[in-house]
Amino acid sequence: MAVKLLGTKIGMTRVFREDGNAVPVTVIQVGPCVVTQLKTVENDGYAAVQIGYGEIKPRNSTIPMIGHDAKAGSAPKRHHREFRVDAKDLAGYQLGQELKVDALASLAFVDVTSVSKGKGFQGVMVRWGFGGQPASHGTERKHRSPGSIGSNASNRGTGTLKRGIRMSGQTGNKNCTIRSLDVVKIDAENNLLLVKGSIPGAPRSLVEISTPARLYRPKARKQRELEKAKK
Amino acid sequence: MPLNLGSIIDGVNKSQLKTDLPRMDVGDTVNVHCRIVEGDKERIQIFQGVLIARKGHGINEQVTVRRIVEDQGVERIFPINSPRIAKFEVVRRADARRAKLYFLRDRAGKSRRLRDRRRGLKHVAGLPTA
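If you're matching them up, the sequences are chains B and H in order. Per the working numbering, numbering of the first sequence is gapless, rising by one per residue and ending at 231. Per the working numbering, numbering of the second sequence is gapless, rising by one per residue and ending at 1130.
Only chain B is shown next, with the shape it has when bound in the complex (with noise of 0.2 Å):
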């Protein structure tokens, strides 16, 4: 059954394994999130669970963001977020229903969506890894630029430019989803997620944790021999 929670990004550290083998791993303070809405398919056209999640102060929100999570018994929520389910699984969630990290604690793999940090309006050296241009013979105040960008030909001559060329522009600060990355560690106690590797955006920043959408080729094979192992 599918799942997002909400996080907070506290930062990276070290894990080690049993067999000695270090694991970098992002600390992620998950939930606890509250249920704030049910959507189904009567009311809204389709089945899905809204969590809500972090403080706010009451004078910070607007006064329906209040009502809303007040439906749900909640205090008002900074963050919410919502994911789709089957009709008939939606009856196991309530309003106001607390989603703590353990409702990941079936999952070997997560993906973890989250604003990756700003790096402002970057050169295509920076922004897409060109190498630039020679330092020297004869090259002459266009180092860094990106070269040829096409020809009339390669443009089918339309005059206009094939969509997608990579030219410089705002770099980061844009949703960034990492898929199939390994779950370390579930501190249940603490709130805590580890996974393996790193996340984007900066500590403290807001961050989503679903049931990953679909994994990566090595990574479904060693889910496929985990359910095996559990059978």
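Quick caveat, the hints were computed from the structure, so don't treat them as lab data. We put the beta carbon where it would ideally sit given N, CA and C, even for glycine.
Computed spacing ranges between beta-carbons, pair by pair:
{"hint": "1", "chain 1": "H", "residue 1": "A1053", "chain 2": "B", "residue 2": "L226", "range": "39 to 45 Å"}
{"hint": "2", "chain 1": "B", "residue 1": "D187", "chain 2": "H", "residue 2": "E1061", "range": "21 to 27 Å"}
{"hint": "3", "chain 1": "H", "residue 1": "D1040", "chain 2": "B", "residue 2": "K231", "range": "22 to 28 Å"}
{"hint": "4", "chain 1": "H", "residue 1": "I1077", "chain 2": "B", "residue 2": "A2", "range": "42 to 48 Å"}
Stretch by stretch, here's where chain B covers chain H in the computed footprint (C-beta under 8 Å, at least three residues):
{"hint": "5", "stretch": "1012–1026"}
{"hint": "6", "stretch": "1068–1082"}
Derived coverage of chain B by chain H (criterion: at least 3 residues anywhere in the stretch with Cβ under 8 Å from a Cβ of chain H; other residues may be distant):
{"hint": "7", "stretch": "16–23"}
{"hint": "8", "stretch": "190–199"}
Use these hints to put chain H onto chain B, whose structure you have.
Quick look at chain H alone, frame taken from chain B:
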């Protein structure tokens, strides 16, 4: 409530930090007991040498140990909290006046030795050595 990020991370690391580490200072000669896993057998291998650098702190702390094998200097870097290291033993204490003893790499023969039992050792007087 403001989040104290550092204390949360410390909480995660706490259970992994070793509590039975002896006092080791730069300059000391130490025995590092490494767990070597071969197939399903495990044995302990001892690496003895001079501790020439400590860097990092907390869970990331590492020590560099230098020894001479067949006239060839060998340096190994150990994460001190790694479970692959069974234990550390201090064999001999010595007086080092700097934090990193990289100058030992350029020394040969007798000059490679470090002074011991000097005024700088009062703080470790009485601590056990192997």
